[in-house]
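Which chain is which? The protein sequence lines are A and B, in order.
The first sequence begins at 1 in this note's numbering and counts up by one.
The second sequence begins at 1001 in this note's numbering and counts up by one.
Hints listed in this document are in silico derivations from the structure and should not be mistaken for laboratory results.
Mixed in with the good hints there might be a few duds.
[To be verified] Label pairs and their computed distance ranges (CB to CB): (1) B:Glu1325 to A:Ala17: 34 to 42 Å; (2) B:Val1348 to A:Asp15: 24 to 32 Å; (3) B:Gln1090 to A:Glu37: 48 to 56 Å; (4) A:Gln57 to B:Asp1229: 50 to 58 Å; (5) B:Gln1019 to A:Gly92: 52 to 60 Å; (6) B:His1009 to A:Glu37: 40 to 48 Å; (7) B:Ser1121 to A:Glu37: 39 to 47 Å; (8) B:Lys1002 to A:Asp15: 54 to 62 Å; (9) B:Arg1170 to A:Gly92: 28 to 36 Å; (10) B:Gln1035 to A:Leu95: 55 to 63 Å; (11) A:Gly14 to B:Ser1197: 47 to 55 Å; (12) A:Ala107 to B:Val1226: 30 to 38 Å.
The structure displayed is predicted, hence computed values, not measured ones.
Glycine included, each C-beta is placed from N, C-alpha and C at the ideal position.
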Amino acid sequence: MKTYYNPDDLKKFGDIADFDKPLADQFFRWYGDVFSEGALTAREKSLIALAVAHAVQCPYCIEAYTEDTLAKGCSEEQMMEAVHVAAAIRGGSSLVHATQMMNKAKALTM
Amino acid sequence: MKSLLAQHHELSDSGRQLQLLDNVVYASGITSFRQKLDTLGFYPLKSTAVEILQVNIGKMCNQTCRHCHVDAGPDRREIMTRETMEQCLQVLQTSAIPIVDITGGAPEMNPHFRWFVEQCSSLGVKVMNRCNLTIILANKNYHDLPEFFARHKVELVSSLPFYNADRTDRQRGEGVFDTSVKAIQMLNAVGYGKEESGLILNLVYNPGGAFLSTGQQVLESQFKKVLHDQYAVVFNNLFTITNMPISRFLDYLVSSGNYESYMEKLQAAFNPATINGLMCRNTISVGWDGHLYDCDFNQMLDLKIGSNHAHHISHFNMTDLKHREIIISQHCYGCTAGAGSSCGGEVVK
Ligand code: SF4
Ligand code: SF4
Chain A
1 MKTYYNPDDL KKFGDIADFD KPLADQFFRW YGDVFSEGAL TAREKSLIAL AVAHAVQCPY
61 CIEAYTEDTL AKGCSEEQMM EAVHVAAAIR GGSSLVHATQ MMNKAKALTM
Chain B
1001 MKSLLAQHHE LSDSGRQLQL LDNVVYASGI TSFRQKLDTL GFYPLKSTAV EILQVNIGKM
1061 CNQTCRHCHV DAGPDRREIM TRETMEQCLQ VLQTSAIPIV DITGGAPEMN PHFRWFVEQC
1121 SSLGVKVMNR CNLTIILANK NYHDLPEFFA RHKVELVSSL PFYNADRTDR QRGEGVFDTS
1181 VKAIQMLNAV GYGKEESGLI LNLVYNPGGA FLSTGQQVLE SQFKKVLHDQ YAVVFNNLFT
1241 ITNMPISRFL DYLVSSGNYE SYMEKLQAAF NPATINGLMC RNTISVGWDG HLYDCDFNQM
1301 LDLKIGSNHA HHISHFNMTD LKHREIIISQ HCYGCTAGAG SSCGGEVVK
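Pulled out of the complex, with its shape left as it was, chain A reads as follows (with noise of 0.2 Å):
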């Protein structure tokens, strides 16, 4: 079956260089920088970017964090926390915006 998305692309990630090598060096640097130990540790950034692949629904990303979680020892329980943290904000960021939508409606509305 073809899909859009195929998992071994994930293992081409570095080949976005091939087109546009000067950009691509300073995203893998930076990258490199933003998941290095820092005022968070790098398992915490790790469980912050398994939460943050479920929000974008990013398939590679989910792949590649939920590895990444497990070899930083990470807990199935603390992976699951993490991803209900981003169906919380996902769910609730839907849900601040009836605000607006009550706004609307009370000033529509008799």
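Dock chain B with the ligands against chain A, hints included.
Same frame as chain A, now just chain B with the ligands:
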């Protein structure tokens, strides 16, 4: 769960394992380990010294862990005789090897275990024992092991794959986590894991599946915090090791469909900086029947030390073995991935 041998599983045959390892390398375009070393100028791989005599005193074990590279279990009967142990003691006495590292199976199940430890300790060598923890509670004959270990200042190295029961038990068997924690409590009670006592208890983490581990230090602080806060137990260091693609872990990799990608991961993570610290370079591994190997993994693959050396402890010759050529194969990618993996955890600190 039965051992692969008791199941008459094809992977209980070391020749079949080596064949499978070669096949995946050639079929998926992975560079062979030998080629990799050759390109970097490390081939042939040579030992530098013999500082550790690792003695595998039997394949019998009270557990049947899914990642076991020994294929150990209650159904295994291979056990080192007292005569072979005497030959090991003879070597320790004459060769000035400072460390003996006792392993198994569950070494404590060998009826001559305590005698062997006593003899080693009276020779003044440092004794290490790879204790699986649960053996201490397996029956009342083992309940006094903590006092026995403490009396002989045995350094303990014990696998505890995770800081929760779920992942530990999936890998090592139902109830293993809780029993292991009780065993650590008993060891702590005689002083193990406490800085001031000098009695060392090191734990070993290995990933619960087809992924590699990162960051020994980070994992050590997590393990220490959770085990202390939730179970009031302490230990000295955590060693992180990579699961070797042999024996029961190889069976798991193949049956779960992870085999090829795991080998790719190992080879992609190959780190030349690990070569200097590989355990085969300062260790000789003795099998239950006295045969000699470069490491415990080569032992399980029946890859005896190089052909121009005597293969048995009864013919141990330090001059010959000190700078021998090490037998390598594709499984060696397991020791050289990332920060490296040895009996003492990460190779590159
Ligand atoms: S891993 Fe250790 S405890 Fe588990 S079966 Fe093998 S020898 Fe026994
Ligand atoms: S498996 Fe590891 S320790 Fe054994 S020979 Fe290969 S590199 Fe050395």
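Results for each hint:
1. B:Glu1325 to A:Ala17: 34 to 42 Å: For Ala17 (chain A) against Glu1325 (chain B), whose Cβ atoms are near 40 Å apart, the range 34 to 42 Å holds.
2. B:Val1348 to A:Asp15: 24 to 32 Å: Roughly 29 Å apart at Cβ, these two residues keep to the hinted range, so it holds.
3. B:Gln1090 to A:Glu37: 48 to 56 Å: holds, 50 Å
4. A:Gln57 to B:Asp1229: 50 to 58 Å: violated, 36 Å
5. B:Gln1019 to A:Gly92: 52 to 60 Å: At 56 Å between Cβs, range holds.
6. B:His1009 to A:Glu37: 40 to 48 Å: Since His1009 (chain B) and Glu37 (chain A) have Cβ atoms about 43 Å apart, the given range 40 to 48 Å holds.
7. B:Ser1121 to A:Glu37: 39 to 47 Å: With a Cβ separation near 42 Å, Ser1121 (chain B) and Glu37 (chain A) satisfy 39 to 47 Å, so the hint holds.
8. B:Lys1002 to A:Asp15: 54 to 62 Å: violated, 46 Å
9. B:Arg1170 to A:Gly92: 28 to 36 Å: holds, 34 Å
10. B:Gln1035 to A:Leu95: 55 to 63 Å: Holds, since Gln1035 (chain B) and Leu95 (chain A) (Cβ atoms, about 58 Å apart) stay within the stated range.
11. A:Gly14 to B:Ser1197: 47 to 55 Å: holds, 50 Å
12. A:Ala107 to B:Val1226: 30 to 38 Å: violated, 54 Å
In terms of the numbered hints stated before, the structure departs from hints 4, 8, 12, listed from lowest to highest.
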